[in-house]
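Q: For reference, the chains in residue letters:
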Amino acid sequence: MENLINDLKAQLIEELNLEDVTVEDIDTEAPLFGDEGLGLDSIDALEIILLLEKYYGLKIENPKSGKDIFFSVKTLADYITANRK
Amino acid sequence: MGTVVTGIGVVSAAGLNVDENLRSLRCCRSGVAKARILQTRHDVPLGEVALSNDELRSLLGVPEKERFSRASLLGLLAAREALRDSGVSVDGGARVGLVSATSAGGMDRSEFFYKDEVTKCNSGRLRDVVLHDCGDSSETVARFLGISDFVTTISTACSSSANAVILADRLLRHNKLDAVLVGGIDPLCKFTVNGFSSLMILDRELCRPFDQSRAGLNLGEGAAFLVLQRKEDVESGGYCRLSGFANANDAYHQTAISHDGIGPFLAMEGALKSAGLHPSDIDYVNVHGTGTENNDWSEGFAMKRLFGDCVPMFSSTKVYTGHTLGACGAIEAVYSVLSLVNDMVFPTFNFKNAIEGLELEPVVALRENAGLKNVMSNSFGFGGNVSSLIFSKM
Amino acid sequence: MACFITNKISVSPQQTFLSDSFFSGSANVAEERKLRAVEPNYKETIAEAGLRRRMSRIVKMGVSAGLACANGADGVDAIITATGLGCLADTEKFLDSVVRNDESLLNPTAFIQSTFNTIGAQIALILKNSSYNVTYAHRGFSFESALLDAMLRIEDGDARNVLVGAMDEITDLSFAVMERLGFWRNGAVMGEGANFFLLSGSKSSADDVALVDVATFMNRKEEAFDKCVQGFLSRNNLEISQIDVLLYGSSDKSYCLGGVCSAVSEAVDYKKYCGEFPTASSFAVWLGAEVLKRGALPCGKTLDGAKRVLVYTDYQSVNRSLILLEI
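Protein chains in written order, with this note's numbering: chain A, 11 to 95; chain B, 560 to 953; chain C, 105 to 431.
It is worth saying that the hints were derived from the structure and are not from the lab. Quick caveat: nothing in here was measured; it's all calculated off a predicted structure. The reader is advised that the hints may include incorrect statements.
Once the Cα atoms are required to be at most 25 Å apart in a straight line, the calculated SDA-like pairs of lysine to any residue come out as [as the list claims (entries may be wrong)]:
id: 1; chain 1: C; residue 1: Lys232; chain 2: B; residue 2: Ser833
id: 2; chain 1: B; residue 1: Lys790; chain 2: B; residue 2: Gly930
id: 3; chain 1: B; residue 1: Lys674; chain 2: C; residue 2: Gly286
id: 4; chain 1: B; residue 1: Lys593; chain 2: C; residue 2: Ser201
id: 5; chain 1: A; residue 1: Lys64; chain 2: B; residue 2: Thr599
id: 6; chain 1: C; residue 1: Lys197; chain 2: A; residue 2: Gly67
id: 7; chain 1: C; residue 1: Lys325; chain 2: B; residue 2: Val649
id: 8; chain 1: C; residue 1: Lys397; chain 2: C; residue 2: Gln119
id: 9; chain 1: A; residue 1: Lys64; chain 2: C; residue 2: Val203
Derived DEER-like restraints, expressed as beta-carbon distance ranges [what the hints assert, rightly or not]:
id: 10; chain 1: A; residue 1: Glu39; chain 2: C; residue 2: Asn145; range: 32 to 38 Å
id: 11; chain 1: B; residue 1: Glu918; chain 2: C; residue 2: Asp260; range: 36 to 42 Å
id: 12; chain 1: B; residue 1: Asn734; chain 2: C; residue 2: Gly291; range: 37 to 43 Å
All C-beta atoms in this analysis are idealised placements derived from N, C-alpha and C, irrespective of residue type, glycine included.
Build the full structure now, drawing on both the sequences and the hints.
A: The following block contains the structure:
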């Protein structure tokens with residue numbers, strides 16, 4: 011789990027071009043979207059959907075259904091763990 | 560304002576010319592269907608123009624040796640119809656200009672080029688890639704029709720051709736030109752289909768503008784042109800006046816329109832002001848109405864703010880054509896002219912339930928003898944680029 | 105009616121961005137037939153990392169120049185941008201994923217940022233500016249069309265200050281394609297840059313340069329174009345002899361522009377500084393305004409009482425334009 015969380019953080023930094031952000035800067039439990047946390051937006055949500063498909067082979071068809079999954083790095087990791095084949 | 564519309568031409572999924580489009584609009588016949596011409600993996604309905612490039616070429620009588628992009632072929636068909644309809648001669652003394660608009664340009668050819676260029680070791684055909692840029696289709700249309708006094712191209716995503724109309728009016732008022740062939744062109748191509756697919760806003764069924772159940776847009780293709788002239792230069796007739804317009808920026812997000820539709824509100828309000836009209840003077844709005852959750856909410860919200868409890872009749876004609884991106888402003892301008900001239904509102908025939916919180920219902924069945932004097936047409940695009948045009952009876 | 109260039113910012117292959125070095129030092133020269141822009145420190149020009157992270161090079165160049173140019177303006181009433189080929193790097197990136205991944209695993213950011221109006225839109229977004237906003241994308245007429253629109257808006261009183269800018273970028277693919285097309289024969293080099301201007305109906309300082317006239321000409325052979333030059337000068341009530349400096353950007357060095365070349369005291373090939381790209385004339389306007397203001401050429405040569413600069417641009421012998429500047 012620890013490895014997955016660190017991988018995810020590194021992938022988020024890479025795919026979302028989070029310049030000046032390091033893996034250590036990202037709080038595993040903090041919200042990814044909105045003004046707190048990383049402050050991501052709707053385009054980032056699409057990029058995260060792409061990330062899940064690219065690295066983990068997971069497809070999310072409806073961006074709205076991703077809302078709970080994308081809440082934090084932790085919820086993303088839980089989703090991947092539960093659904094990865 | 561003294562600018563009048565003296566010619567119109569249109570090609571879309573709803574028909575190859577003005578008459579065919581009008582027939583589809585009157586009969587509630589959508590041109591959106593399963594893809595037949597574009598080769599794509601995405602299983603989504605598209606508003607394709609019914610003819611292949613070869614068929615378009617022979618319809619136009621374009622010689623074999625000429626290599627035209629689909630954008631140029633579609634543009635030529637609509638532009639030639641509009642110019643002929645107006646009776647304006649490019650060989651006479653009149654200074655005639657072309658203001659066109661597109662978002663994809665010759666991308667359909669670039670896709671062929673790029674594939675060979677990267678997968679077959681720099682063997683992409685150069686005659687394809689030289690058609691890539693936005694200016695190519697404009698210059699091809701101008702050359703084919705003999706227009707050389709002025710040519711330019713606007714590219715502001717989905718509001719492109721509405722903005723072309725705004726420039727055309729200014730060029731006429733400043734006496735830079737005597738007649739302007741103005742419009743927009745966008746062909747379907749893999750680039751845009753995949754682009755909108757990556758944004759996850761393509762509906763797998765026919766789009767449902769302003770419906771609570773809406774689930775995205777359908778992409779379409781086409782071209783439309785209008786001939787604009789100064790009223791005093793036109794001896795008789797003309798379809799209607801271009802009476803007002805405005806362009807504003809929503810300045811909220813690169814792709815989304817603000818929740819309270821501030822940009823759309825400013826564009827519609829500005830258009831009214833430039834026409835010297837009150838909100839109650841508008842009889843019908845041809846809305847942008849793409850069918851995405853974001854657009855329809857924001858546009859509806861802005862209309863309620865502008866028109867209060869008296870929102871005029873409105874409809875989205877994208878159920879007939881799909882969303883034709885850079886061409887939609889011009890196609891819907893032509894449709895607005897057709898509404899005025901025929902005094903009818905073309906319905907969003909598949910509408911069922913109003914958006915909760917807005918409670919706005921578009922016209923759902925053809926409305927004849929609608930009593931139209933002033934018609935507004937909205938076009939909104941990426942980058943917060945929003946524009947509104949108003950056409951009025953002579 | 106003229107309008108005035110009350111501010112101007114250039115990101116170009118020369119040391120022009122918020123710097124005097126270009127006029128005092130020596131000019132940068134092309135490497136491998138490319139004149140790449142000397143780029144600003146984007147962390148300073150676009151301070152917020154969150155804004156920068158989706159921006160490609162052309163967007164950063166354009167937004168940096170645009171924001172610097174609007175800085176201190178007493179309101180911006182319109183934002184008009186121009187680009188010949190738009191955000192090429194993002195376009196290529198998205199096209200690449202369509203082709204290589206066979207229409208799967210598509211990167212939405214590249215698609216969104218590939219639209220031609222991205223720079224104008226980003227500037228509006230950052231400045232929270234909801235005024236008129238439009239983008240011209242027509243080969244060698246892109247920037248000229250933007251200038252014309254701006255001038256007409258000012259003349260109509262619809263705008264006091266208009267932010268006008270143009271940008272294009274070099275990518276490896278576009279260079280290679282143009283090489284295959286033979287663009288770089290005759291010694292031409294590929295260039296890029298972002299040049300922005302704040303145009304106003306009135307001067308903000310006494311030595312502001314006036315943008316007097318702009319005209320575009322489609323498909324004119326040289327003989328016919330001689331007449332166009334005459335017409336352009338006479339509609340501005342000028343004789344050839346009243347043009348002091350000609351800035352020309354043309355692949356045909358032998359063409360004398362209806363005698364203007366031989367009549368002016370200085371004729372400068374501006375594309376040797378900025379390279380060839382569809383909106384290169386925007387660099388020439390920056391250069392022309394700077395020359396008039398300084399009374400000197402980039403090489404350091406002083407010009408006594410130079411009043412007028414004529415910018416002549418020939419893009420692929422199809423799009424030609426004339427722009428007149430006056431102090």
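Q: Let me make sure I understand: some of the numbered hints might not hold for this structure. Which ones are they, in numerical order?
A: none
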